[in-house]
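Chemist: Spelled out from the first residue to the last, the chains are:
2 protein chains.
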Amino acid sequence: MNKHEAAQLVTGGTSNWVKEEGEGGASVNIALCKYWGKRNEELNLPVTSSLSIGLPGLGAQTKVRPAARDAFFVNGTPMDSAAKAAARVFDFIRLFTREPVEVKTESTVPLAAGLASSASGFAALTKALNDGFGWNLSGRGLSILARLGSGSASRSVFDGFVRWQAGEREDGMDSFAEPLEAVWPDLRMGLLLLSDKAKPIGSREAMKRTVETSLLYRQWPARVKEDLAGLQEAVSRRDLTQLGRHAEQNALGMHATMLESWPPVMYWLPESVQAIHGVHALRESGVPVYFTMDAGPNVKLIFTAAHESAVRSAFPEVRIIAPFG
Amino acid sequence: MNKHEAAQLVTGGTSNWVKEEGEGGASVNIALCKYWGKRNEELNLPVTSSLSIGLPGLGAQTKVRPAARDAFFVNGTPMDSAAKAAARVFDFIRLFTREPVEVKTESTVPLAAGLASSASGFAALTKALNDGFGWNLSGRGLSILARLGSGSASRSVFDGFVRWQAGEREDGMDSFAEPLEAVWPDLRMGLLLLSDKAKPIGSREAMKRTVETSLLYRQWPARVKEDLAGLQEAVSRRDLTQLGRHAEQNALGMHATMLESWPPVMYWLPESVQAIHGVHALRESGVPVYFTMDAGPNVKLIFTAAHESAVRSAFPEVRIIAPFG
Numbered sequence: 001m002n003k004h005e006a007a008q009l010v011t012g013g014t015s016n017w018v019k020e021e022g023e024g025g026a027s028v029n030i031a032l033c034k035y036w037g038k039r040n041e042e043l044n045l046p047v048t049s050s051l052s053i054g055l056p057g058l059g060a061q062t063k064v065r066p067a068a069r070d071a072f073f074v075n076g077t078p079m080d081s082a083a084k085a086a087a088r089v090f091d092f093i094r095l096f097t098r099e100p101v102e103v104k105t106e107s108t109v110p111l112a113a114g115l116a117s118s119a120s121g122f123a124a125l126t127k128a129l130n131d132g133f134g135w136n137l138s139g140r141g142l143s144i145l146a147r148l149g150s151g152s153a154s155r156s157v158f159d160g161f162v163r164w165q166a167g168e169r170e171d172g173m174d175s176f177a178e179p180l181e182a183v184w185p186d187l188r189m190g191l192l193l194l195s196d197k198a199k200p201i202g203s204r205e206a207m208k209r210t211v212e213t214s215l216l217y218r219q220w221p222a223r224v225k226e227d228l229a230g231l232q233e234a235v236s237r238r239d240l241t242q243l244g245r246h247a248e249q250n251a252l253g254m255h256a257t258m259l260e261s262w263p264p265v266m267y268w269l270p271e272s273v274q275a276i277h278g279v280h281a282l283r284e285s286g287v288p289v290y291f292t293m294d295a296g297p298n299v300k301l302i303f304t305a306a307h308e309s310a311v312r313s314a315f316p317e318v319r320i321i322a323p324f325g
Numbered sequence: 001m002n003k004h005e006a007a008q009l010v011t012g013g014t015s016n017w018v019k020e021e022g023e024g025g026a027s028v029n030i031a032l033c034k035y036w037g038k039r040n041e042e043l044n045l046p047v048t049s050s051l052s053i054g055l056p057g058l059g060a061q062t063k064v065r066p067a068a069r070d071a072f073f074v075n076g077t078p079m080d081s082a083a084k085a086a087a088r089v090f091d092f093i094r095l096f097t098r099e100p101v102e103v104k105t106e107s108t109v110p111l112a113a114g115l116a117s118s119a120s121g122f123a124a125l126t127k128a129l130n131d132g133f134g135w136n137l138s139g140r141g142l143s144i145l146a147r148l149g150s151g152s153a154s155r156s157v158f159d160g161f162v163r164w165q166a167g168e169r170e171d172g173m174d175s176f177a178e179p180l181e182a183v184w185p186d187l188r189m190g191l192l193l194l195s196d197k198a199k200p201i202g203s204r205e206a207m208k209r210t211v212e213t214s215l216l217y218r219q220w221p222a223r224v225k226e227d228l229a230g231l232q233e234a235v236s237r238r239d240l241t242q243l244g245r246h247a248e249q250n251a252l253g254m255h256a257t258m259l260e261s262w263p264p265v266m267y268w269l270p271e272s273v274q275a276i277h278g279v280h281a282l283r284e285s286g287v288p289v290y291f292t293m294d295a296g297p298n299v300k301l302i303f304t305a306a307h308e309s310a311v312r313s314a315f316p317e318v319r320i321i322a323p324f325g
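Protein sequence lines correspond, in order, to chains A and B.
Under our numbering, the residue at position 80 of the first sequence is numbered 80, and the numbers go up by one with no gaps.
Under our numbering, the residue at position 252 of the second sequence is numbered 252, and the numbers go up by one with no gaps.
Do not take every clue at face value.
The list makes no distinction among identical chains, and a pair is therefore deemed to hold if it is satisfied within one copy or across any two copies.
Unchecked claim - Calculated pairs, DSBU-like style, for lysine-lysine (alpha carbon to alpha carbon, straight line, at most 30 Å):
hint, residue 1, residue 2
1, LYS63, LYS104
2, LYS197, LYS84
3, LYS208, LYS3
4, LYS104, LYS199
5, LYS38, LYS84
6, LYS225, LYS38
7, LYS197, LYS38
8, LYS63, LYS84
9, LYS19, LYS84
10, LYS199, LYS38
11, LYS84, LYS208
12, LYS3, LYS104
13, LYS208, LYS225
Since the hints were made in silico from the structure, they are not lab data.
In this text the structure is predicted, and so the values were computed from the model without any measurement.
Work the whole structure out from these sequences, hints included.
Modeler: This is the structure we're talking about:
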């Protein structure tokens, strides 16, 4: 099954505008258990399930409408149609319609925040298309479609804690995200922006190289299995120690598989290592703080409201976010 | 089988001085394929085989003699008998004799060079005891005994390229090192001393934690198998690219298993990551240079004589060693 066929299977193949303009919004998410490695490159089908938390207030609000020619605006600025971001957007839209479309996105994701804006971008775009074409899709359908644009976008369809089930089917129809019931008002995430330089290698390529060359990666599914179970239990019990431990070990495990790939993939900068040691020192001093990292140099802290001031003292540059408002 | 029984099995249980003074010398070694993880803590039996290269000129020359009381001198300075280093030395000597012994070691290993001085220390001590007690042991016997003092000391019994065979026996009598035939006059190692601070956790403890808590470690034997084969082929063909690749991937693989342990073991400092990126940048510029790292923050470069000046330009502080003189 190719991408186009998968898209048609979800939408029923209809692509007539039922509104002058479709609209949808979605937040970025931070994976506490990572999506690392695909079993199907074209359909973005993952090797393992994953679990994330949405960051409300950081994301995309997108409008789509029929137009004379393709056009893509981000925060009012027209994007060059030859640029990679625009190419990915219209490759995605072509799964549904051959007619030209105008896409206007308002993004509140700081471009240099070390947050994957493609997750919220494709989730918002999928919702906007669903609105414009009147597909009336369920969350599950939206998640499957968003996944075709960007794997982690499957999770950004929902807010709060979200689990993306890897699924087993060849066509990916069982590979979608679902929200967990739990909320955790005291939970805090702290963003440490350590570098806004372009990454030496894209995460898509890094993931591929890991799957193809890392021997340790063969144990990645075992790492994920343990962390997913631990994280879900931690969420249900609001146990920060357990949540943090599994998130941190999972992130370090992902970077471990990259480091052991060939050629090695090292996203870490000296500043990343300094921040990691800083987290460990703070933890040893008695403050329950943990971290996660995506495929990049930046570090994201995990803690609770009670320890905000301790975290802020140790990391004055931190940007603190309350995922549950 | 305990340590004492193993020692008796090798020496035949004799411990009568046949000389007024026994003497022996040994060099430090750098593992190109690491010893990481024990299958028997007491006998220092490794999970996997390993492969190293000796650094002539950096090591220990040791003299032992019967004395009125235990005494341990390093470069003329008496060591406190309660200190860890002296305790390990006399725990080792007690495997062979209850009589007090005076040990005098001249070490040319800079204490802060990030080189394991225990490897050359226990290998030299074993040779000195063999000389003093007249055991007339083969290299194999010396290697087994040295291993009881410190795992990697089993390799320092020999010079040049050395392979330590893990063995399978419970008593460890098939777990010893052997020299490879090959020499490689153009090979160079470059020592980058990045920190002389005490390590946050000893390698013995880090190894144990990795074996007990890292899931990725289950693939470590597969990593070693591939690297040992690749390294031996590289040595026989004097193929620096292949040697470097396997040494670097093996070292990163070892650190990967530590990082994914819990609590995570991170020996890297910001300076380590900077040096790693520096090696990669130099390699991308066309200079065939690779690195290895032990359980610490320091980086050891691997290259050939033809590229000494390029390496020295990129790393002015490097200390270059020719393992084959």
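Chemist: Going through the earlier hints one by one, which of them does the structure break, listed in rising order?
Modeler: Checked against the structure, no hint fails, so every one of them is satisfied.
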